Amino acid sequence: MFAASADNIVTGSKLLMELLGADAPARAEIAERMRAAEHAGDDATHAIFHQLNSSFITPFDREDIYSLASSLDDIMDFMEEAVDLVVLYNIEELPKGVEQQIEVLARAAELTAEAMPHLRTLDNLTEYWIEVNRLENQADQIHRKLLAHLFNGKYDAIEVLKLKQIVDVLEEAADAFEHVANTVETIAVKES
Amino acid sequence: MFAASADNIVTGSKLLMELLGADAPARAEIAERMRAAEHAGDDATHAIFHQLNSSFITPFDREDIYSLASSLDDIMDFMEEAVDLVVLYNIEELPKGVEQQIEVLARAAELTAEAMPHLRTLDNLTEYWIEVNRLENQADQIHRKLLAHLFNGKYDAIEVLKLKQIVDVLEEAADAFEHVANTVETIAVKES
Amino acid sequence: MFAASADNIVTGSKLLMELLGADAPARAEIAERMRAAEHAGDDATHAIFHQLNSSFITPFDREDIYSLASSLDDIMDFMEEAVDLVVLYNIEELPKGVEQQIEVLARAAELTAEAMPHLRTLDNLTEYWIEVNRLENQADQIHRKLLAHLFNGKYDAIEVLKLKQIVDVLEEAADAFEHVANTVETIAVKES
Numbered sequence: 130m131f132a133a134s135a136d137n138i139v140t141g142s143k144l145l146m147e148l149l150g151a152d153a154p155a156r157a158e159i160a161e162r163m164r165a166a167e168h169a170g171d172d173a174t175h176a177i178f179h180q181l182n183s184s185f186i187t188p189f190d191r192e193d194i195y196s197l198a199s200s201l202d203d204i205m206d207f208m209e210e211a212v213d214l215v216v217l218y219n220i221e222e223l224p225k226g227v228e229q230q231i232e233v234l235a236r237a238a239e240l241t242a243e244a245m246p247h248l249r250t251l252d253n254l255t256e257y258w259i260e261v262n263r264l265e266n267q268a269d270q271i272h273r274k275l276l277a278h279l280f281n282g283k284y285d286a287i288e289v290l291k292l293k294q295i296v297d298v299l300e301e302a303a304d305a306f307e308h309v310a311n312t313v314e315t316i317a318v319k320e321s
Numbered sequence: 130m131f132a133a134s135a136d137n138i139v140t141g142s143k144l145l146m147e148l149l150g151a152d153a154p155a156r157a158e159i160a161e162r163m164r165a166a167e168h169a170g171d172d173a174t175h176a177i178f179h180q181l182n183s184s185f186i187t188p189f190d191r192e193d194i195y196s197l198a199s200s201l202d203d204i205m206d207f208m209e210e211a212v213d214l215v216v217l218y219n220i221e222e223l224p225k226g227v228e229q230q231i232e233v234l235a236r237a238a239e240l241t242a243e244a245m246p247h248l249r250t251l252d253n254l255t256e257y258w259i260e261v262n263r264l265e266n267q268a269d270q271i272h273r274k275l276l277a278h279l280f281n282g283k284y285d286a287i288e289v290l291k292l293k294q295i296v297d298v299l300e301e302a303a304d305a306f307e308h309v310a311n312t313v314e315t316i317a318v319k320e321s
Numbered sequence: 130m131f132a133a134s135a136d137n138i139v140t141g142s143k144l145l146m147e148l149l150g151a152d153a154p155a156r157a158e159i160a161e162r163m164r165a166a167e168h169a170g171d172d173a174t175h176a177i178f179h180q181l182n183s184s185f186i187t188p189f190d191r192e193d194i195y196s197l198a199s200s201l202d203d204i205m206d207f208m209e210e211a212v213d214l215v216v217l218y219n220i221e222e223l224p225k226g227v228e229q230q231i232e233v234l235a236r237a238a239e240l241t242a243e244a245m246p247h248l249r250t251l252d253n254l255t256e257y258w259i260e261v262n263r264l265e266n267q268a269d270q271i272h273r274k275l276l277a278h279l280f281n282g283k284y285d286a287i288e289v290l291k292l293k294q295i296v297d298v299l300e301e302a303a304d305a306f307e308h309v310a311n312t313v314e315t316i317a318v319k320e321s
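One line per chain: the protein sequences are A, B and C, in this order.
Quick note: the first sequence uses our numbering, first residue 130, plus one each step.
Quick note: the second sequence uses our numbering, first residue 130, plus one each step.
Quick note: the third sequence uses our numbering, first residue 130, plus one each step.
Since the hints were derived computationally from the structure, they do not count as laboratory data.
Owing to the predicted nature of the structure, the values given are computational and were not obtained by experimental measurement.
Some clues are possibly wrong.
Identical chains share a label here; the pair holds if one copy fits it or two copies do between them.
What the hints assert, rightly or not - Restricting the straight-line Cα-Cα distance to at most 20 Å, the calculated cross-link-like pairs of lysine to aspartate or glutamate (EDC-like) are:
| id | residue 1 | residue 2 |
| --- | --- | --- |
| 1 | K319 | D172 |
| 2 | K291 | E221 |
| 3 | K143 | D203 |
| 4 | K274 | D206 |
| 5 | K319 | E256 |
| 6 | K293 | E158 |
| 7 | K225 | E301 |
| 8 | K319 | E192 |
| 9 | K274 | D213 |
| 10 | K143 | D285 |
| 11 | K283 | E256 |
| 12 | K274 | E288 |
| 13 | K225 | E243 |
| 14 | K274 | E161 |
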């Protein structure tokens, strides 16, 4: 079930990528597909919670499963919010750094989707969480550079407000990938 | 104790409603009563935590009780913050959508207050959490329309900043109602 | 280990204090030392989590240890972010209230560092958490006055955006000190 949730996130990150070059009608259609992916993610999360709450025995600690499912759900929500804001605010052109943010998210999504099936055996996961932590640091640096860029005097205040909300929500998505990786590490350490 | 906390939230949502038509002196007086309601809420939360921490046996899982009390406390905090910001920023007129946000919160507050006594028997709760989830979706749509409205060019940037902070905190209150409903669902599923 | 984490926070709060009077080159150097302190904090947190996850028996409830370590880590992160934003946005002069915010944080840091060694015996902690709760209320009032000051018409919108982000992150640090104090209270009540 975690694998389904993570595959869904890969779909979401690809839609973010598509968004970059899209014109207004294409954006509206991408937002539609994003909303569908987010609903699928909600259903996956709800199914995990339902099974968790109605089971006496769980493969890992309850709170770790809960945390993993919640963080995967958060990633999808943040990605959907980013797309929605771009459409809502009718952003003409995104600053160049946003592409770098989305590339990092796409890479983190792939690694996360590859890692989920390994939860069964808990092997070969060390590289995954080290790499996601590295990607989060990279995302953080891109985000701070973007903030400096937004405030360099070229944008008016209204534009800064709109764009800052978008780059902040993409940064929150990167943080949520790190939460997933940290929870996977917690599970692996407990079982070892 | 949860019922007392939820009744307090109903009081808070009625004060939000009163705020809409009030002039400056009336607003200051509403803010005063809101602060009193928030302090009463803090005392209720503290009493729940104290009893929880000093009991060996609890009716539901500890973390669910903790989560329920925290989310009820959050709702009150967000509502108090909204009133405080309106007074602090000396907002002349709130955009029309804010009234809709507050109506949704008032409806969610009523439903939550009605649901709390059912925690004893855990029956008749399904409709409550479905309806609160529906209300949160509605709040989300109102919030996004409000953001688009704030950025449509009629407001200057400083005004956008002030109003955005207020509509965001009301949206956080709506999210917190959903957390309460989700926790109630979790408790009910575990016990069934 | 909690004591090491709290001592690190005292270091951080002193760096915040130094920042106030510093010119641009001195600020860059303070940011460097802050980053080092934050990395040391990360290592301390990671060591606590690792030991927690690989131990069968823990002195207090697992979730309380986890919450304590996370909140201490959050404080450091928020303080580092504040310094980083001052450098990033090249802020010429901080509003006067920021000094008051930092003084409250420095006092809370001292009290927290003094309290941590008492976790062993759990005595003499009541005064600590009452005082930190009082400091958080004070921080809240300073923060709200700062917001009113930022919006009083003297600053342009871009400047408001930059400064608001900084005073908000310092307020988040004050909130995180309160979370630490609340967790210490929870532990003490459970053991009594």
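Status of the hints after comparison with the structure:
1. For the homomeric pair K319 and D172, the shortest alpha-carbon distance between copies (19 Å) is at most 20 Å, but the shortest distance inside one copy (28 Å) is not.
2. Only within a single protomer do K291 and E221 lie at most 20 Å apart by alpha-carbon distance; the minimum there is 11 Å, versus 24 Å between protomers.
3. In this assembly of identical chains, the alpha carbons of K143 and D203 lie at most 20 Å apart only when taken from the same copy (17 Å versus 32 Å across copies).
4. Taking CA atoms no more than 20 Å apart as the test, K274 paired with D206 passes between copies only; the shortest distance there is 18 Å, against 24 Å inside one copy.
5. In this assembly of identical chains, the alpha carbons of K319 and E256 lie at most 20 Å apart only when taken from the same copy (17 Å versus 36 Å across copies).
6. Taking the closest pair of Cα atoms, K293 and E158 never come within 20 Å of each other, the shortest separation being 24 Å inside a single copy and 27 Å across copies.
7. For the homomeric pair K225 and E301, the shortest alpha-carbon distance inside one copy (18 Å) is at most 20 Å, but the shortest distance between copies (30 Å) is not.
8. Proximity of K319 and E192 under a CA criterion of 20 Å is satisfied in both settings, with 13 Å inside one chain copy and 14 Å between copies.
9. For the identical chains of this complex, K274 and D213 are inter-copy neighbours only, at 11 Å across copies versus 23 Å inside a copy, given an alpha-carbon limit of 20 Å.
10. Taking identical chains as interchangeable, the C-alpha atoms of K143 and D285 are never at most 20 Å apart, the minima being 30 Å within one chain and 36 Å between chains.
11. In this assembly of identical chains, K283 and E256 lie within 20 Å of each other by CA distance neither inside one copy nor across copies; the values are 41 Å within and 51 Å between.
12. For the homomeric pair K274 and E288, the shortest alpha-carbon distances inside one copy (17 Å) and between copies (18 Å) are both at most 20 Å.
13. Within a single copy, K225 and E243 get their C-alpha atoms no closer than 28 Å, and across copies no closer than 47 Å, so neither meets the 20 Å cut-off.
14. Taking the closest pair of Cα atoms, K274 and E161 come within 20 Å of each other only across two copies (17 Å); inside a single copy the shortest separation is 30 Å, beyond that limit.
The earlier numbered hints that this structure contradicts are 6, 10, 11, 13.
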